[in-house]
Amino acid sequence: MLVETLLLVTLLGAGIVMLAPDRMAGKLAAGISAVPVALTTYMYYVFLTDFDGAGNALLSPGEVAFGTRIPWLDLGGYTVQYYVGLDGVSMPLLALTTILTTLAIVSAWTPIDERQSQFYGLMLLMEVSLIGVFTALDFFLWFVFWEGVLIPMYFLIGVWGGPRRKYAAIKFFVYTNVASLVMFAGLFAMVFGTDVTTLSLPAMATAFRTATDLPVIAGYSLATISFVLMFIGFAVKVPVFPLHTWLPDAHVEAPTPVSVMLAGVLLKMGTYALLRFNFTMLEATARQLAVPLAIVGVVSVIYGAMLALAQRDLKRIVAYSSISSMGYVILGLVAFTPLGMGGATFQMVAHGLISGLLFMTVGVIYNTTHTRMVGDMSGLADRMPWTVGIFVAAAFGYMGLPLMAGFAAEFFIFQGAFNAATLGASAPVLTSLAMFGIVIVAGYLLWAMQRTLFGGFGLETDYEVGRAAFHDVAPLAVLLLLVIVLGVAPDLSLDMIQHAVGPLTGGGA
Amino acid sequence: MVDPTWLATAPALAFGAAALVLLLADSVDPDTTNATVLGGIAVAGSLVSLAAAVYLLYGGVGIPTGQGGTGPAVILGGQLVVDQMALFFMTITASVTALVTLASVDYVREHAYQAEFYSLVLLSATGMSLLSAANSLATAFVAFELVSLPSYALVAFLKKNRGSVEAGLKYFLVGAVSSAVFAYGISLVYAATGVLRFDAVAMAIESGTVRTVVDGSVQAQASGASVPMSILGMGIIMIIGGLAFKMAAVPFQFWAPEAYEGAPAPISAFLSSASKAAGFVLAFRAFAVAFPIDALAGSGAVDWFVVFQVLAIATMFIGNFAAATQETVKRMLAYSSIGHAGYVLIGLAALSATGDGMAFSMSAGMAHLMVYGFMNTGAFLFIALAEYWGVGRRFEDYNGLGKQAPVACAAMTVFLFSLAGLPIGGGFFSKFYLFQATLNVSAWSLAAALVINSALSLFYYSRVVKAMWIEEPTGERTIESYPTGLYTAIVAAAVITVLLIPGFGYITDVAFRAVELL
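Protein chains in written order, with our numbering: chain A, 1 to 509; chain D, 1 to 518.
Rather than coming from a laboratory, the hints here were simulated on the basis of the structure.
Remember, it's a predicted structure, so these values are computed and weren't measured experimentally.
Among the hints, a few may not be true.
To be verified - Here chain A is said to cover these stretches of chain D; the calculated rule only asks that three of the stretch's residues, wherever they fall, bring their Cβ under 8 Å from a Cβ of chain A:
{"hint": "1", "segment": "169-182"}
{"hint": "2", "segment": "216-222"}
{"hint": "3", "segment": "338-352"}
{"hint": "4", "segment": "429-437"}
Said to hold, decoys possible - In silico DSSO-like pairs for lysine-lysine, Cα to Cα no more than 27 Å straight-line:
{"hint": "5", "chain 1": "D", "residue 1": "Lys170", "chain 2": "D", "residue 2": "Lys159"}
{"hint": "6", "chain 1": "D", "residue 1": "Lys160", "chain 2": "D", "residue 2": "Lys170"}
{"hint": "7", "chain 1": "D", "residue 1": "Lys160", "chain 2": "A", "residue 2": "Lys166"}
{"hint": "8", "chain 1": "D", "residue 1": "Lys160", "chain 2": "A", "residue 2": "Lys27"}
{"hint": "9", "chain 1": "D", "residue 1": "Lys170", "chain 2": "A", "residue 2": "Lys171"}
Claimed, not checked - Some chain D residues close to chain A (C-beta under 7 Å, calculated; not the full set):
{"hint": "10", "residue": "Leu47"}
{"hint": "11", "residue": "Val451"}
{"hint": "12", "residue": "Trp469"}
We put the beta carbon where it would ideally sit given N, CA and C, even for glycine.
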């Protein structure tokens, strides 16, 4: 019943906040969102201590934690159920969602100064859908939540965003919705090609994995066609080059707390879905297509980093670097090794924390300086030592400083991909190329830091540039702490992740 | 069995009785403009009709006695049959009429001829309820005209508004032509088969020889003449034409944007939801019962599902692409309503050449009409609210409305996103169900058309959402009052639209069984 409680509390909270007066909405929303954090922390604790599940929710559904399964409706011969549950992959992502939502809400106290109750209500509404995406084990339920994320996001960008917010919001909305339809078509091609009668993800996984004699269309097996369509659909969300063009617009125009959610959690929906659908249900096809997929991932790594190198806007730098980081996830997933897939999932969590942290830091700087352009400011370290200190730490975390989560994630991925059997002879080459991406990351982050943070203070303003408020810096500190904790003790997450991806990588954990 | 049998038409009788009460009240006090009393009678009549329809629907009327039901109520020698299909559509009609009459209380409060307004709405609804149960081409035509004639007057109800009068005239002219086409089609079918009752027509087609009805039972005619298939085919095509008018589908769709835009907005809601559903119920029943697809296959008459496939695709594309280019909200909704007719036509188009998959596709169409009855009615009632406030017609005129009327605008957002097929309302499920129906018979072109048009529709629906919530208000606009009736109707429609997500299973169960029992 914990997952239902989580969903209901958040949904009710969203309603309450929407009706609350503007001046208290922010504090109220933060308070309400602390409940899901507490609940997921408890669930995480259960996972670490009591839960002995050594399985993937899709492949051994009997071992799902906190599962509930109730028949819902019958749709033309297909049973739709309310079916939720958690495994080692979804648990860390669920925890990431609730924690990041609360912190993003706190970080919104300063920048959001109009229609607050609607803003915070929508943030909680988005959290409901995100919780649903990571817990649903029935395709239909999952799709409801998956699409449900779009609606609050559309408003959050469109109403509270920057000057080109209308364009960015509609682009995000239409782009990702069309992607959903492509994915939908791909998945249902496969559903109709096999004999599933329920749309639960485990049943679909079993049917897809054991399907034989699939029809061949234009020389390609149905599984291949379905895989490619689904990959395209999810790749937009991730995003993977060349389907990334909505991302910089959405990020730059979105208010910072929304960027935090976008980079921290929404992108992970794409990689999570890739793992669940493409790499679990159509594992054989994924293994066949490993090399081209890895190339797509590596191109994303390098191309995203190059694009970041060319930006002057701090927010754009972080936005493009997300494309690069998500490329690593693809590389790790196609490796099909315990460290590769485990590292890829770990990277989802790590990148969620670090990119969230970087966006928040940029937001705090922007709140104070009212600019995000690298060339406009210098020597901020003098004026806002705490914020700058955290920024530097976060940037090093992004570059892969040991004992931070980013290092652990990328290290696992490289190690897992270097000898990956699926990639064959090209594994070392592709992995080395991807490693080169880190050099570029270091290049642009160091350059940006050096120009903005250090040297003599310089910013032409007619207003005071001083320290940020405590409630602005506190979320940063919390995130940094989490990044370091996961960097020092990656097993806190990696263990359960490897339990869940183990069945895919051909061995136990 | 309902006893006496005629009581099974209670949903239609309730409408008729309420209409007569209104006319009586008007003749007792011709100058009365007591909106609350007159509107109250109309709303009460609709609610009684709704209660009766739901009661009979769940009471098992139309379900064979062997399966726990009470069997269909056969009335007037088989001219009318009240079964699950009929009651399903009577429920849609009654729900829409209740919402529309409730919203009209505020909308027509200042107008003369209120009693006439309500009684015309109720008479038209009576026709729709009867059309749901019509089991013969003759009763179908009579009920069809009973739906149409009051609605011509209703479209032109705003006598001093040139747009309204023009719309009424156009609607009437197109309606007259399509009625003629419909009647001609009926006469051709009668000429070819010798009978009008749906089941009798089917027997004639299956046996290949003309029939006659003697004392209620269908018999072969003495002449033993065979059914001329080419004449029958002409007749079927012309009947499709007549039905396309009611559904607002290609090729008789062009009246719809004019009529919906010119008519008072509650009437637009009524026509685009209930009247469309009435067209579809007749089509579903006629083509499922009277023109069996397997008997017609290769007979030289017409493979009607192919005609519907062409019409469905054309209607979807014309409706949605035209909607995307509109500058006024009401006209956009009018075109979107055409697009939705295209979606529902999938119910008659996603069939195999032997008629397999009919229960699936038709129940999908029925479920979509049920959801549509709430979300589309709600959207047009929001337009009624905007007209009541004097908000302009263009998208820009809605700018910033969300700040002044958050509740109504939130409801409108639910309607629009549900119409677009996002999972905020039942529209998501019904579109998905239709999509599955197309894939079930591998009708790829229909599936592709549905997906392309759904994606496109999100673009133009979200323009309204964007205007309401994201844009800043352009001009001065003061909202002086928040009319209770309109608000109640809009909020009720929104709540039901959302509740149809968890409740969708009930709708499809009833619809699926209704088609199977035909």
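Three residues minimum, CB to CB under 8 Å: does the segment 169-182 of chain D make the cut for coverage by chain A? Let me know.
Per the Cβ count (0), the hint is violated.
Are the Cα atoms of Lys170 of chain D and Lys171 of chain A separated by 27 Å or less?
violated (39 Å)
Classify the hint on Trp469 of chain D as holds or violated, based on whether any CB of chain A lies nearer than 7 Å to its CB.
holds (6 Å)
Okay, the segment 338-352 of chain D and chain A, do three or more residues pass the C-beta test at under 8 Å?
violated (count 0)
Given hint Lys27 of chain A paired with Lys160 of chain D - CA-CA distance at most 27 Å
violated (54 Å)
Are the Cα atoms of Lys170 of chain D and Lys159 of chain D separated by 27 Å or less?
Measuring from Cα to Cα gives roughly 15 Å; hence the hint holds.
Verify the coverage statement for the segment 216-222 of chain D against chain A, using a C-beta to C-beta distance below 8 Å and requiring 3 or more qualifying residues.
violated (count 0)
Interface hint compliance - Val451 of chain D to chain A, C-beta minimum distance less than 7 Å:
Interface hint status for Val451 of chain D: holds (5 Å vs cutoff 7 Å).
Checking one constraint from the list: CA of Lys160 of chain D to CA of Lys170 of chain D, max 27 Å. Satisfied?
Answer holds: Lys160 of chain D to Lys170 of chain D is near 17 Å, not above 27 Å.
Does Lys160 of chain D pair with Lys166 of chain A here, judged by a C-alpha cut-off of 27 Å?
violated (39 Å)
Just to be careful: measuring from the Cβ of Leu47 of chain D to every Cβ in chain A, is the smallest value less than 7 Å?
violated (27 Å)
Do at least three Cβ atoms from the segment 429-437 of chain D come closer than 8 Å to Cβ atoms of chain A?
Answer holds; 6 residues pass the 8 Å Cβ test.
Going through the hint list in order, the structure does not satisfy hints 1, 2, 3, 7, 8, 9, 10.
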